[in-house]
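With chain A fixed as given, assemble chain B with the ligands onto it according to the hints.
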Amino acid sequence: MLRLTLAQMRRSLGRLTAAGVAIAIGTAFVAATLIAGAVITRTSYDAVAASYADADLVVTSDDSVSAATVEALAQGDAVAAVDGRLSTWVELSNGSRRTVQQLVPVASDPRLDAQRVVDGRSPDEAGEIALPPAVAERLGVGIGDTLTAHVGQWADDAPGAPADGAAADGAASDPGVDPGVDPEAGPRWVERTEELTVVGVVQDPYGAYAQSGGAGVLTRAELEQWAGDQAVDGGDLTYDSAVVALADGADVEAARAALGEAVPADATVRTKDEQAQVMTAELTDGADVFTVIVLCFAAVALLVAALVISNTFQVLIAQRTRTLALLRCVGADRRQLRGSVLLEATLLGLAASLAGLLLGTGAAQAALWALGRMSLEVPLPATVSITPAVVLVPLLVGTLVTVLASFAPARAATRVAPLAALRPADAPAVTQRRNRPRLVLSVLLTVGGFALLAIAAVFGRSLGDLLGPLVGVLGGALSFVGVVVGSVFWLPRVVGACGRLVGRGGASARLAAANTVRNPRRTAATSTALLIGVTLVTMMSTGAASARVTLSDELDRQFPVDVELADGGAEQDGAAPLVGPALLSTVRAVDGVELVTTVAQGPVLVTATDGATGSVTASAIEPADATALLRTPSMVTGLSPDTVVVAQSLAQDLGLSDGDTVSVSGTETDPSTGAETAAGDAVQRTVVVTELPGGVALTPTTFSALTVPDAQDVAWARLADGADPSRVVPAIQDAVSDTAVMVTGAAVERALFEGIIDTLLAVVVGLLAVAVVIALIGVANTLSLSVLERRRESATLRVIGLSRSQLRGTLAIEGVLIAGVGAVLGIGLGVVYGWAGAVTVLGVVGDVSLEMPWGDLALVLAVALAAGLLASVLPARSAARTSPVAALAVD
Amino acid sequence: MDTTVYVPTDRTGAQPDRDRTTPDVPAARARTLSKVYGAGGSAVRALDAVDVDFAAGAFTAIMGPSGSGKSTLMHLLAGLDTATSGSAYLGTTETTRLGDAELTRLRRDRIGFVFQSFNLLPMFTAEQNILLPLELAGSRVDAEVREWFDTLVTTLGLGGRLTHRPAELSGGQQQRVAIARALIARPEVVFADEPTGNLDSRAGAEVLSFLRRSVRELGRTVIMVTHDPTAAAYADRVVLLADGRIAGDIVDPTPESVLAGLDALRSLEAPVQGTPQRDGVTR
Ligand SMILES: Nc1ncnc2c1ncn2[C@@H]1O[C@H](COP(=O)(O)OP(=O)(O)O)[C@@H](O)[C@H]1O
Ligand SMILES: [Mg+2]
Chain A
1 MLRLTLAQMR
11 RSLGRLTAAG
21 VAIAIGTAFV
31 AATLIAGAVI
41 TRTSYDAVAA
51 SYADADLVVT
61 SDDSVSAATV
71 EALAQGDAVA
81 AVDGRLSTWV
91 ELSNGSRRTV
101 QQLVPVASDP
111 RLDAQRVVDG
121 RSPDEAGEIA
131 LPPAVAERLG
141 VGIGDTLTAH
151 VGQWADDAPG
161 APADGAAADG
171 AASDPGVDPG
181 VDPEAGPRWV
191 ERTEELTVVG
201 VVQDPYGAYA
211 QSGGAGVLTR
221 AELEQWAGDQ
231 AVDGGDLTYD
241 SAVVALADGA
251 DVEAARAALG
261 EAVPADATVR
271 TKDEQAQVMT
281 AELTDGADVF
291 TVIVLCFAAV
301 ALLVAALVIS
311 NTFQVLIAQR
321 TRTLALLRCV
331 GADRRQLRGS
341 VLLEATLLGL
351 AASLAGLLLG
361 TGAAQAALWA
371 LGRMSLEVPL
381 PATVSITPAV
391 VLVPLLVGTL
401 VTVLASFAPA
411 RAATRVAPLA
421 ALRPADAPAV
431 TQRRNRPRLV
441 LSVLLTVGGF
451 ALLAIAAVFG
461 RSLGDLLGPL
471 VGVLGGALSF
481 VGVVVGSVFW
491 LPRVVGACGR
501 LVGRGGASAR
511 LAAANTVRNP
521 RRTAATSTAL
531 LIGVTLVTMM
541 STGAASARVT
551 LSDELDRQFP
561 VDVELADGGA
571 EQDGAAPLVG
581 PALLSTVRAV
591 DGVELVTTVA
601 QGPVLVTATD
611 GATGSVTASA
621 IEPADATALL
631 RTPSMVTGLS
641 PDTVVVAQSL
651 AQDLGLSDGD
661 TVSVSGTETD
671 PSTGAETAAG
681 DAVQRTVVVT
691 ELPGGVALTP
701 TTFSALTVPD
711 AQDVAWARLA
721 DGADPSRVVP
731 AIQDAVSDTA
741 VMVTGAAVER
751 ALFEGIIDTL
761 LAVVVGLLAV
771 AVVIALIGVA
781 NTLSLSVLER
791 RRESATLRVI
801 GLSRSQLRGT
811 LAIEGVLIAG
821 VGAVLGIGLG
831 VVYGWAGAVT
841 VLGVVGDVSL
851 EMPWGDLALV
861 LAVALAAGLL
871 ASVLPARSAA
881 RTSPVAALAV
891 D
Chain B
892 MDTTVYVPTD
902 RTGAQPDRDR
912 TTPDVPAARA
922 RTLSKVYGAG
932 GSAVRALDAV
942 DVDFAAGAFT
952 AIMGPSGSGK
962 STLMHLLAGL
972 DTATSGSAYL
982 GTTETTRLGD
992 AELTRLRRDR
1002 IGFVFQSFNL
1012 LPMFTAEQNI
1022 LLPLELAGSR
1032 VDAEVREWFD
1042 TLVTTLGLGG
1052 RLTHRPAELS
1062 GGQQQRVAIA
1072 RALIARPEVV
1082 FADEPTGNLD
1092 SRAGAEVLSF
1102 LRRSVRELGR
1112 TVIMVTHDPT
1122 AAAYADRVVL
1132 LADGRIAGDI
1142 VDPTPESVLA
1152 GLDALRSLEA
1162 PVQGTPQRDG
1172 VTR
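Respectively, the protein sequence lines represent chains A and B. Throughout the first sequence, residue numbering follows this note's numbering, covering 1 to 891 in sequence. Throughout the second sequence, residue numbering follows this note's numbering, covering 892 to 1174 in sequence.
In case anyone wonders, no lab produced these hints; they're calculated from the structure. All values derive from a computational prediction rather than experimental measurement. Check the hints yourself; a few may be wrong.
[Stated by the list, open to error] Residues on chain B that point at chain A, a partial pick, calculated with CB under 7 Å: (1) His966; (2) Leu971; (3) Asp972; (4) Thr995; (5) Arg998; (6) Arg999; (7) Phe1004; (8) Asn1010; (9) Met1014; (10) Pro1024; (11) Glu1026; (12) Leu1027; (13) Ala1028.
Beta carbons: idealized from backbone N, C-alpha and C, even for Gly.
Same shape as in the complex, but just chain A:
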């Protein structure tokens, strides 16, 4: 049987190759994903291991390692050096250049130093620092230059009352300290500045501090001082872990046992490698999730490949009917025929998976090379690591999928009657066997699934954050399986109906239309393969579009303006306010900014006639400016010197409605009680309640009549209509980056989430594209199978007057019909799923707007149609080349 199988495979090599490519791509996807997961794990391991430098032992604890433990370790036998590991983040500046940098202490032993000094030296005394080259460049400093560190600290004080010794000392000696006045009692964040001299440049060759691009180095004493200052609790100094270097020739295991005795019970002593493994396992939990998610997409690709395989085998069996029948005549039993088909599938699966494995490994290696050349800050391994899992899983999965996909065709092979050998070979008749269980299953799944989906969409909010989406996903998955399982019943009808429409267009079109419905199962499987990918892509795109608009609407409700610029720096006495004419003109100059105005803001006390009061932020703006600036001008309708615009929330709290009179005044906090009291004179104004997101809006005239001690100017900007926030907002941020101005607002949030949505969408669509590519291979495969099967028919048509171009046209229309129907139905389904998903997931955010991403949909359709056309090119060429004489040949 093996020889026969091999002989048959050789005869069908072309068909099998096309099907093999589908499986190979799917397998390559799996292999590349696994390799990527392994690379992430390996990179984390390397980084973790690098951070312990050449330490022999690492001591960790459930909580943190105390100074006493480090002390105890240092007393141990054979211990050459011990360092408690800690780091702190401090803002460094040189003039207007600033950066927030991770700082670590100088190692007490070179073996414990993860970084290398490449220029200058390590800091020897307080006031010295060594920097990574990139940081030195960013700050524009070299060896010998000085820079300023902004060391923060929590001051737990009433005004003027020193909180603890360290802060008080600093305050006394350093004029840069601003004790500040905060109306609210409680711990405050105050900053002091320290001058540092750059004494060296350090490099981080193994990526120990890759996330921060290398760490700056201070003396241990100074670093521990600063870290203590910046700690929230300000308690005893503790370390993340301690690293130990042993004396030369010391026995690591003996030292480990000895040190294990010396440290508290909750501390653990591990070798560096053990510790790196433990840490990596913790860190790469995320990488595993990543691998699993990407493997889900690989599964979709493999499912589509399975459809292509199943199709191919079905046609091969049909073509071999006579041979199979002949074999039955000469004594082969059903088992042998089935065995032959399954053997063929196994061989194909193995060969294709092997090719896919090589392809995937090659792609991963190429990606590594490309990334390596881009010199990222994360040191990547130079070559992919081939683990048994990376080899075996893709091979097994690819082969298994191929064999599973060939089950149905193998069963068909056993159904060939020996009699078929005696019948003249005819083209398969136009018949369709009814499969009732399949129909019932499909209807149940589809109806049930969509019912669940509807429930999730309508009652999602009352089902809760977890159950709602869960029901939705379940409903979506069930209904989609139902649709796919049932496609053989309805898809050919849809294709037929479309074909009849197209068929008006002439002889080629009518032939194409008639041909597509000749083999419903095959047409359905081919279209379905494409439908799966298109549905998922459309779903993602529609969901993303709906999310974008829904979140935008919600942001417009939450933020009155596109962009607000406020002084976000630490309070500093005597400095000129950051928001002023200079800032306005800087921002106004940014491309895409339409309008910028300063708005005075400050806390005010609103008192209703019945005595109810509320302390809120008041924004002072001219009505005309407000109308031009706000995305929703109705937020300030009715604003005039005689009125105060009140947010609904405040109106509710104080029981206010339109036309009521309130008194508005500045506010002061009583330092001893914390209660807010009116400051200065109050003014009487008429209330206008609007959907203002919060606080009150009044005119500058009203505001200037009040005494508001903490009044501050902010700048409000409106972006030009059609300007892309994800481009303009970073431009604004860049323009003000050398000041401590904080940029907030709807556009900022929008730029942020649109960036996230776009990136996610691009990644997901990229992953799904693999499935679509495989499906298009399937379309080409189906067409070329049809061409083979209809060789004689095509030749007959040529003899009775079909021209070459008409023949090519027929196949092109057939390809476009199959692909087009798959794409259109996929788009329809995808939009429904996308909306259902948006309603279910975003329902908690607010009212969901259902959007049609017309551009994306048109693109998907155009790609599918063009690909259908393209898929027909090769089969059509081979069909047109066939000489009409073949029509007259009798077998």
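Leaving out everything else, chain B with the ligands in the frame of chain A:
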């Protein structure tokens, strides 16, 4: 036994639709037509410098043993295959010089085909199959065509079968549909390659008498390849082929005269050109 050297027959008066050929021009002609399949040692000379004329308005059969080159001759005459040397004419058109597009147009307008295995399209009904050549040519089905269609359907006895698909028709019915398809565009010549090869003798007799009627009553020209002497006897004339050469010619054949001619061929190991044959078969 009627033994005659080939003389162009004079039946042109019965051909109302013949507009591209004049009465004296044969419907199809071969001049030193040769076809070699393959090359080198395995080359097969399927046709060897054949000269033959096929009269318009006549029913001519090409006969000969299997492998004698009958099908090859017909393919070359119909412009389905390219000749190695020599020329073939359809009326006054030299088909051996035409390109694919011109040949396609020629097949649409001037040639009809009937195949041994019917070659109907399984997804179309009988009527759709018959009208297919017109549709491929993009011509409108007007009243005149309808009338011709009805004539064909009546003559071929297909009245009740027009909405059936090929799978629902008997072999004889399928072949009659194929004949109607071959005639629908009123071609100058209908070529038929073993049209009765897949039929039982009764259905075969039916098909042959329809072919003869289409010549006698509808004024068509039919060239038929067959290896069955009974079938050949329906023709007005039989051209005998052996080893790629014309080996004889029988006018107004009967099954007996055809058999005798074939026997004469068989008794020769290798026919020698110019040698007079016994029993009225002349070279
Ligand atoms: N496509 C082909 N390739 C090679 N040889 C061929 C081909 N077609 C026919 N022949 C050879 O040419 C000769 C004549 O064939 P054909 O015209 O089909 O004969 P007939 O129809 O009289 O049986 C035969 O020897 C046959 O083997
Ligand atoms: Mg033949």
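key: Numbers of the earlier hints that this structure fails to satisfy, in rising order   = Violated hints: none; all satisfied.
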